[in-house]
Amino acid sequence: SQQGEEDPQALSIQEGENATMNCSYKTSINNLQWYRQNSGRGLVHLILIRSNEREKHSGRLRVTLDTSKKSSSLLITASRAADTASYFCATDRGAQKLVFGQGTRLTINP
Amino acid sequence: NAGVMQNPRHLVRRRGQEARLRCSPMKGHSHVYWYRQLPEEGLKFMVYLQKENIIDESGMPKERFSAEFPKEGPSILRIQQVVRGDSAAYFCASSVEGGGEQYFGPGTRLTVT
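These protein sequence lines map, in sequence, to chains E and Y. Just so we're aligned, residue 1 is where the first sequence starts under our numbering, counting upward by one. Just so we're aligned, residue 1 is where the second sequence starts under our numbering, counting upward by one.
Just so you know, the hints here were simulated from the structure itself, not pulled from any lab data. Check before you lean on any hint, since a few could be wrong.
[Stated by the list, open to error] Here are the computed distance ranges between Cβ atoms for each label pair:
| hint | chain 1 | residue 1 | chain 2 | residue 2 | range |
| --- | --- | --- | --- | --- | --- |
| 1 | E | A82 | Y | Q17 | 21 to 31 Å |
| 2 | Y | N7 | E | S39 | 13 to 23 Å |
| 3 | Y | I55 | E | A81 | 33 to 43 Å |
| 4 | E | A95 | Y | G85 | 19 to 29 Å |
| 5 | E | S68 | Y | E97 | 44 to 54 Å |
What you are looking at is a predicted structure, and each value in this text was computed from that prediction instead of being measured. We treat Cβ as the ideally placed atom computed from N, Cα and C, and that holds for glycine.
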């Protein structure tokens, strides 16, 4: 079964608002990675957070990791129309292969 | 620095034909991964290779699918006798080391008619 499960499955907000997506997983991990995928395109790596880290920032992105709850969140602040995409979390349990969730489809309305 | 390259970007095959998908990792990357994505779904791991070695093929169907990463040249994912259910987007990723950030190519969209 899929390790990562994103929540919500779809999210629609107004430009300028913040978007929060959550990811839950079942087993212990080495790291968790977030990716963005624009419709019909490849994946863009956003951020990697290791199991001993609790929070990381990259520009308008903020990722948190709670290993006790086996969950992570991705916050995009001051959203833009260009942020419209699907967002996936992927977990690495140390076997190098990434296990992806089903993704959150984010729509930013102008 | 060129990213991960995949070709072809789109491939159409009739049932029973063979499909060959190629992936050139980023410069300096010696770890290659193949994933498959069905419409509206996340990616599913297929195989992990290093130069001349298959490290983990636990996600590969037992029949018709094979992968290689030769000493010289790109990694190849080969699907023999394709069926309609093989229609999907196939993504390749590479990393400098195992367990590090994986960088993805644009994918090959395979359509089996």
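- Violating hint indices (sorted, rising): 1 and 5
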